[in-house]
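S.K.: So you can see what is in the structure, the chains are spelled out below.
Number of protein chains: 2
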Amino acid sequence: MQLTILGCHSASPKSNAHPTAQVLEIKGHLFLIDCGEGTQVRLRQHKVKFSRIKHIFISHLHGDHVFGLLGLITTFGLLNRKESLTLHGPLGVKEFVETQLRLSGSYLSYQVYYNELSSSDSELIFEDEGVYVKTIPLKHRIYTNGFHFEEKLGERKLNYQKAVDLEINPVYFNKLKQSKNVVSERGEEINYKDVTEDPDPPKSYSFCSDTSYSPEIIPHIYKTNLLYHESTFLSSASHEDLAYKTGHSTALHAGLIARKAKAKKLLLGHFSARYKNLDAFVNEAQEVFEPVEHAHTGMQIDIN
Amino acid sequence: MQLTILGCHSASPKSNAHPTAQVLEIKGHLFLIDCGEGTQVRLRQHKVKFSRIKHIFISHLHGDHVFGLLGLITTFGLLNRKESLTLHGPLGVKEFVETQLRLSGSYLSYQVYYNELSSSDSELIFEDEGVYVKTIPLKHRIYTNGFHFEEKLGERKLNYQKAVDLEINPVYFNKLKQSKNVVSERGEEINYKDVTEDPDPPKSYSFCSDTSYSPEIIPHIYKTNLLYHESTFLSSASHEDLAYKTGHSTALHAGLIARKAKAKKLLLGHFSARYKNLDAFVNEAQEVFEPVEHAHTGMQIDIN
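Residue numbers (the numbering used here), protein chains in the order written: chain A, -1 to 302; chain B, -1 to 302.
Do not rely on the hints blindly, as some may be mistaken.
Identical chains share a label here; the pair holds if one copy fits it or two copies do between them.
Calculated lysine to any residue pairs in the SDA-like style (CA-CA distance at most 25 Å, straight line) [what the hints assert, rightly or not]:
| # | residue 1 | residue 2 |
| --- | --- | --- |
| 1 | Lys25 | Glu148 |
| 2 | Lys45 | Ala15 |
| 3 | Lys221 | Gly128 |
| 4 | Lys260 | Ser212 |
| 5 | Lys160 | Ser236 |
Source of the hints: derived by calculation from the structure; they are not laboratory data.
Turn these sequences into a full structure, and let the hints steer you where they fit.
M.R.: This is the structure in structure tokens:
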């Protein structure tokens, strides 16, 4: 499970401060999370294989999270993509995309499916045999969701050599991995625990941008392996009022959420352009939580 | 009169190939022409003062000419712009902009006026005491206009010393500049030609992107000082068919148009990503017209 940061700054893009976009590699999926202006250029720079992106998750329709979407979608078309694409985003994302496609006279070479969200409760929005994705209802100026990505508990890990030594027929190996006892060729009852180990604990990633300080999200991100939480402002710069008014958080807020949620690690992002030194964000959050890092464009984090 | 190229490549943006956007400085105006994805970043990089842009001219609604528009418009808002902005573009540009503003819950701090175009004839779309702008109807897959920017003929240039020597009362200086004879303090009739010189000849710039080979545009760009003409493809690479099918031109087409229009200079742009060597475009156009240059990001050209 690996996260790549393509952009982690708020508001207007600059040549050294790109708006929100991330790629999450999880159980064979390559999920794109938010799509600020210029995301397709960043995807190329970081050599992400475009065609592997089959799901895009859009937190909300503010420009710094979505103004790169149409460029990416039409580029997929220019590359003659055939595989369908699913867009998970707020109610309105379909109109946002289709109005622009219609007015530009564009026809895509592939199908776009829209999973338009409008619930104020957490919803399961994607699931397969290895992964599920749930929304995290956030508090922002417009309807906004974070996303919680979690692996499912895998099968138990079989000790093949031991199974062979015990003369277990290989047709029973899957049963053992699925916590079922079997009988060996010698007629012995074999407890699955004797030849298998516990599966790796499932890992999770929680993406929370943009939001006011909101302890209501804690049950949805509890004990997450990596929490990305926005910290547009600094409490230490006396900007809590500004955060409150604009529907954003400070680094201290992010640290408090990480602590209460017992997250394993906190990653800060969505920095206002008014601050030049990003270490100040880390220092502020560290007052209440560790470990903390600040995101930067091109950053890759292994989640485990 | 100075042109700055912010992007001159077709289709998808890459880190070294930006889509169409240009800034034209003319008689105190700063006109933005087309606005591909990432234009606001290029404007910052080339230190263009955002607030001076009061008119944006959009040739057509294909993404590589317009996907940077909403980012720029909302950034103007974040900068708390107060002065109005006029968007000249195809019918639909208002819906394009306002749908995205509405869905993103954005409110701008300034007024946007829309000059929506739908005529297939050339129209006068902007005029003041120093400049006029006319559309150049182009042939593309969707409704598209080029733009012809032309200075108005200025006043005659007064030789102040000579006027003083001839004892002409300064209250008559403006009359002389306006080609009117006056009477000096000595009672002599003074012919305006004796104390004034012809004004500088008005300069013009013609922007033609995207278009098939279209000699119909020649009357609208006749004797222009600088012709920017798209050359997406190369005839020498046997891509005339491709140009025809996609509503584009080759460098040879651009050269022929420049020759027939008796342009003073040709600037090529809107290159397909399939070609690595842009000199090939110049070489091809030079077979029929000189002087020719190919555009590149950051290029600045004085038009005179």
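S.K.: With reference to the structure, classify each hint as holding or not holding.
M.R.: Hint by hint, here is what the structure shows:
{"no.": "1", "hint": "Lys25 with Glu148", "in the structure": "within (10 Å within a copy, 59 Å between copies)"}
{"no.": "2", "hint": "Lys45 with Ala15", "in the structure": "both (19 Å within a copy, 16 Å between copies)"}
{"no.": "3", "hint": "Lys221 with Gly128", "in the structure": "within (19 Å within a copy, 66 Å between copies)"}
{"no.": "4", "hint": "Lys260 with Ser212", "in the structure": "within (15 Å within a copy, 67 Å between copies)"}
{"no.": "5", "hint": "Lys160 with Ser236", "in the structure": "neither (62 Å within a copy, 67 Å between copies)"}
Checked against the numbered hints given earlier, the structure breaks only hint 5 and satisfies all the rest.
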